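**Q** Produce the complete structure using the sequences and hints provided.
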Amino acid sequence: MTHFVDRRLNPKGKSLANRQRFLRRARAQIREAVQKSLKDSAVADIGKERKIKISTKGTSEPRFRLDPRASGERDFVLPGNKEFTPGDTIEKPKSGSGGAGKEASDSGEGEDDFEFTMTQEEVLDIFFEDLELPNLVRTTLKETPNKQWKRAGITTSGSPTQINLVRTMRNSFGRRLALKRPTTADITALEAELDAAERADPVDVEKIAALKENLARAISKRKWVGFIDPIDVRFNAFTEQPTPTSQAVMFCLMDVSGSMGEREKDLAKRFYMLLHLFLKRRYKKVDVVFIRHTHDAQEVNEQEFFYSRQSGGTIVSTALDKMLEIQKERYATADWNIYAAQASDGYTQSGDARHCVDMLNELVMPLCQYYAYIEILDEREMEVFASEESGAELWRAYRTVAAEWPNFATKRIAKPADIFPVFHELFKKAEVSA
Amino acid sequence: MSDYLFTDSEWDFATVERTYKAIEDIALNDLGLDVYPNQIEIISSEQMLDAYSSIAMPLMYNHWSFGKMFAREEALYRLGYSALAYEVVINSSPCISYLLEENTMTMQALVMAHAAFGHNHFFKNNYLFRQWTNAEGIMDYLAFAKRYIAACEERYGRDEVEAVLDSAHALMEQGVFRYRRPPRPSKGRIEEKRRRRAEYEQEAYSELWRTLPAGIEPPAAPLTPDPEDEFSGDMKLPEENLLYFLEKNSPSLKAWQRETLRIVRNLAQYFYPQRQLKVMNEGCATFVHYTIMNLLYERGRITEGSWLEFMHSHTSVVFQPEFQDRRYSGFNPYALGYGMMADIRRICEKPTPEDRDWFPEFAGKGDWMGTLKDAWANYRDESFIEQFLSPMLMRDFRLFGLHDEASASTFKVSAIHNEEGYRDVRSMLARQYDVGSADPNIQVSGADLKGNRTLFLSHDMHRGIPLHNQTKELVLAHVERLWGHDVKLEARAA
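Chains as they are written, first to last, in our numbering: chain A, 205 to 638; chain B, 99 to 592.
What the hints contain is simulated information worked out from the structure, not anything from laboratory work. Note that this is a predicted model, so its numbers are computed, not measured. Glycine included, C-beta positions come from ideal geometry on N, C-alpha and C. Hints may be right or wrong, so weigh each one.
Here are the computed lysine-lysine pairs in the BS3-like style, where the Cα-Cα straight-line distance is at most 30 Å [what the hints assert, rightly or not]:
(1) B:Lys376 with A:Lys296
(2) A:Lys296 with B:Lys510
(3) A:Lys488 with A:Lys354
(4) A:Lys286 with B:Lys448
(5) A:Lys615 with A:Lys532
(6) B:Lys510 with A:Lys286
(7) A:Lys427 with A:Lys411
(8) B:Lys376 with A:Lys286
(9) B:Lys376 with A:Lys218
(10) A:Lys218 with B:Lys244
If the Cβ cut is set under 10 Å, some of the chain A residues that face chain B in the computed set are [unchecked claim]:
(11) Phe208
(12) Asn214
(13) Thr293
(14) Arg403
**A** Here's what the structure looks like:
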C-alpha cells in the first residue's frame with residue numbers, strides 16, 4: 205500500500221513563524237547590520253531586499269563541547285595518506301581552516317557570523333521601528349470622510365448576494381420540523397403503500413380511499429408549507445461607519461544649487477528617500493510635495509526630485525515662498541497636518557537668511573506641526589563646527605527660530621552614517637504620547 | 099519491444115507510480131527487504147528548505163532557532179553554495195519520503211530506491227531504532243508537542259516559553275538515556291492518560307469561556323497527579339540525563355515547563371539513534387539504491403542514458419575527498435558506509451585469501467544479502483566498523499591514524515594502512531564513531547536540597563580532554579535557569 209501525495213500546492217511559508225521569531229530574537233544585531241548596509245548602498249537601493257550579515261551573538265545555541273586543544277590526548281583517523289609512515293610527525297594547523305585543521309577542531313569551535321537575505325518589508329520594518337510623525341492630530345472630518353463597511357449582524361431584508369445561507373437553512377429546517385412538513389421519503393412511502401393496496405388481490409376500497417386522501421393531504425401540505433419560506437430568509441447586514449482620518453502633507457525642500465556638490469546632494473537625497481519610504485509605509489494618507497530650489501524654486505515630481513540634476517545660485521527663501529503658495533492653494537490647515545523638511549548646505553545669498561527667519565517665524569511655523577532642518581556639511585566642516593553654536597549663516601539664523609519654536613528641529617549630517625541616527629532622532633516616537 | 103519504465107527526464111505521477119512498482123518488486127522479491135508502508139510526497143524546493151529547518155520533521159513546534167537555520171540554509175542555497183538534498187525521509191510508520199519536484203525521473207527513481215526502501219528497511223530493522231524509537235507514535239507526538247507549545251505561548255507568553263526552550267535545547271545532548279531504556283509507560287497507561295486528558299477537556303469545555311474578555315483565563319487544567327511522574331523524593335544519582343533530572347527534580351519549574359522539558363527530551367531521545375547510525379543508515383540506503391538501479395538497468399527497464407545519469411549522481415554522493423583537499427570536511431558517511439557494504443558483497447562473492455583470513459565466517463559464502471541484513475539489524479556504526487572494515491578498503495581509502503597530544507606542536511602518525519596498522523586504524527576509526535566517547539560525559543552528581551539548593555554536576559574527562567570553557571559557561575547559565583539555584587560543574591579525571 206503506497207500513497208503518493210502531491211504537497212506542492214500546500215501553503216508556502218510554513219517556516220515564516222520561525223523566521224519572525226528569529227528576526228525578533230536577533231533584532232539588535234540586525235538593526236546594526238541594516239544600518240551599516242544602508243551606509244554603502246546607492247540612493248535607489250535603499251528600500252530593496254538586502255543581504256544582512258550578523259554576528260551570532262544573542263542567537264548562539266551553546267552546547268557542552270570538548271576542547272581537545274586545551275589539554276589531554278586523542279586519536280583520530282584521516283583518509284588519503286600518501287607519504288606517511290608510522291612515527292612521522294605533522295605540523296598542527298594554526299587554527300580553523302584547512303584539511304586536518306577542520307577535523308582537529310570539530311569539537312571546540314564556535315559558530316561564525318552568518319549571512320542571510322531580508323525582504324524589503326523586513327528591512328523597512330526595522331528601519332522605521334519606533335518612528336512616527338510628531339504632533340500628528342486628527343483633523344476635522346471632512347465632508348466626505350472615509351467610510352468603512354462593517355458587519356452589523358443579521359437582518360430580514362437585503363440584497364440576494366448577501367443571503368446568509370446557514371441562518372436561512374437553519375430557520376427553514378426549524379419551521380419544517382415544527383409544521384411537520386412531509387418529506388419526499390414520506391410521500392414515496394405513501395405512494396408505495398397505495399400501490400401495494402391497489403394491487404392486493406381482494407381490493408380494499410376503503411383502505412385505498414383513505415390512503416389516497418392521506419397522500420393528497422400530504423402533497424397539499426407540502427405545497428403550503430414551503431421548503432423555504434420568505435420568513436426564513438436572513439441577510440448579512442453591513443453598515444457604513446465613518447472613520448476619522450488624519451491627513452498630513454510633507455513638504456520636502458532641497459537646495460540643489462551649485463554650492464551643493466554631488467556628495468551633499470547625494471546625502472540630502474538619501475535623507476529624503478528614507479523620509480519618503482517612511483511616510484509611504486506608515487501613513488496611508490500622506491501627501492508629499494517635492495520642492496527644489498536654486499535661486500528659484502519649483503515643485504517637481506518624485507522622479508525629478510531624486511534623479512535629475514540642476515544647478516544655479518542660492519536663495520533659500522524662494523523655496524519657502526513656494527511652499528506657502530502651494531499650502532494656500534491645496535492644503536488648508538483645518539484639514540491637514542503640515543510638515544516640512546529642509547536640506548541645505550547652509551549657504552544662501554547674504555541677507556536672505558534674515559528674510560528666511562522672518563518668514564519662518566511669522567508665516568511658516570504657525571502652520572506647521574513640525575519643521576526639520578538638515579544641514580549637510582563636509583566632514584572637515586563638521587569638525588570645525590563641533591559645537592552647536594557655531595555654523596554657517598543659515599544655521600546660526602535658524603538657531604534663533606529653534607529657540608522660539610519647540611517643533612522646529614535642526615540637525616547636521618556629514619557622512620552617510622549620520623543619516624540614520626539623525627533621521628531616527630527627528631522622528632523618534634514621543635514617549636509621553638504613547 | 100522496449101520495456102523501459104521511462105525514456106524521458108520529465109516525470110509525472112503515472113510514471114513515478116509505475117517505477118515505484120518496479121522498484122518495489124526488486125526490493126521485496128530480489129533483495130527481500132522488510133519495510134514499513136511507504137508514503138511518498140512530492141514537495142517544492144521551498145518546502146524542502148522548510149523541512150530542513152525543522153530538523154526534517156513535517157510537524158514541529160515553533161522556535162527561533164529553526165528560523166535561524168532556515169535563513170542560513172536559504173542563503174547558502176540562493177548563493178549556490180549548497181544544493182538541496184534530493185530527499186528527506188522520516189522514520190515513522192508509514193515511512194514518509196519527500197521527493198523534490200525538480201528531480202528528473204531518473205533521480206526520482208534513485209531517490210525512491212534510496213529512501214523508500216533503503217532507509218525504510220534500515221529504520222524498521224536496526225536494533226537501535228527498534229528499541230528506542232516509536233515509529234508509529236512519532237507524528238502524533240509531534241502534533242501534540244506543537245499544540246502544547248503553542249498553547250503555552252498563548253497562556254504564559256512567548257518569551258517565557260522561548261526561554262525554557264532555549265535552555266532545554268542547550269541540554270539536548272545531555273537529555274538522553276544512553277545506558278538504560280527510558281522509563282516508558284505501558285501502552286495501556288498511555289491510553290488511560292489520553293482518555294483522562296480527553297475527558298477533562300470535554301468536561302472543562304464551555305462555550306462561555308470563549309466570550310470572556312481578554313486577560314481573564316479559564317481555569318488551568320488541574321495537575322492530575324501521576325504516580326510515575328511524581329517526584330518521589332529520592333533522586334536516583336548519579337543521573338546522566340540532565341533534562342530528565344531537571345524535569346523531575348527542579349525546585350523551581352512549573353508544570354508546563356516540566357512538560358516542555360519532557361518534549362525536548364523525547365525528541366532528543368528520538369534522534370539519538372540516528373547519531374549513532376549515520377554511516378550505516380546512509381550506507382544501507384546507498385547500497386540499496388545502487389543495487390536496485392543496476393538491476394533495473396540489467397533487466398532493460400531503464401535506458402543507458404538514465405543509467406549514466408544515475409552513475410554520475412551516485413559517484414558524486416560517495417565521493418570521499420582526501421584530508422588535504424579543500425573539500426574535506428570529515429568522513430563522508432555515504433562513502434564509508436557504501437564502501438563497506440559493497441566490500442562485504444565482494445568478500446562474499448569473490449574473496450581474496452586475505453579476506454578469508456580476516457572474515458572466515460562469511461568470505462566466499464555467497465550470501466551477501468544475508469550477511470548485510472544481519473549487519474543492518476544488529477550493529478551500530480562503531481561496532482560495524484570494528485567488525486567489518488576490511489584491509490582492502492583501508493588501503494582504498496588510504497587511512498592513517500594520528501595521535502594528538504594537546505601539549506605537543508605536532509600530530510604523530512601512529513598507524514597506517516599496512517599489516518601492522520590495520521587493526522589499530524580500524525579500532526581508532528570505530529572509536530571515532532562512538533557517540534558515547536565523542537560527547538562529554540556529564541552527570542548530575544548531587545543536589546543540596548536541604549541547604550542552599552546547589553546542584554552539582556560532574557564531568558568525567560576522557561583522556562584528559564576538558565570542556566570548552568566559553569560554551570561551558572553559557573550552558574551552565576541555562577542549567578541555572580532551569581534549576582533556579584546555583585549550579586556547580588566539577589571536572590574529574592577519569
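**Q** Does each hint hold? Answer for all of them.
**A** Going down the list of hints, with the structure as the test:
Taking the CA atoms of B:Lys376 and A:Lys296, the gap is near 28 Å; set against the 30 Å cutoff, the hint holds. Taken as a hint, the A:Lys296 and B:Lys510 pair is honoured in the structure, with Cα atoms around 10 Å apart against an allowance of 30 Å. Under the criterion of a C-alpha separation no larger than 30 Å, the hint pairing A:Lys488 with A:Lys354 is consistent with the structure, at around 20 Å. This hinted pair checks out: A:Lys286 and B:Lys448 have alpha carbons roughly 28 Å apart, not beyond 30 Å.
Among the hinted pairs, A:Lys615 with A:Lys532 is consistent with the structure: their alpha-carbon atoms are about 28 Å apart, no more than 30 Å. In summary, the hint linking B:Lys510 to A:Lys286 is supported, as the alpha carbons are separated by about 15 Å, within the 30 Å threshold. Between the alpha carbons of A:Lys427 and A:Lys411 the distance comes to roughly 24 Å, so the proposed pair stays at or under 30 Å and holds. Between B:Lys376 and A:Lys286 the alpha-carbon distance is near 27 Å, which keeps this suggested pair within the 30 Å criterion.
As the CA atoms of B:Lys376 and A:Lys218 are separated by approximately 28 Å, the hinted pair is consistent with the 30 Å bound. With a C-alpha separation of about 13 Å, the suggested pairing of A:Lys218 with B:Lys244 holds against the 30 Å cut-off. Interface hint at A:Phe208: satisfied, since its Cβ lies 5 Å from the closest Cβ of chain B, which is below the 10 Å cut-off. Restraint check, A:Asn214 versus chain B: the minimum CB separation of about 7 Å is within 10 Å; hint holds.
Taken as an interface hint, A:Thr293 checks out: its beta carbon lies about 4 Å from the nearest beta carbon of chain B, inside 10 Å. Annotation: A:Arg403 was flagged as interfacial toward chain B, and the flag is violated, the nearest CB pair being 53 Å apart, outside 10 Å.
The structure is inconsistent with hint 14 alone, although it conforms to all the rest.
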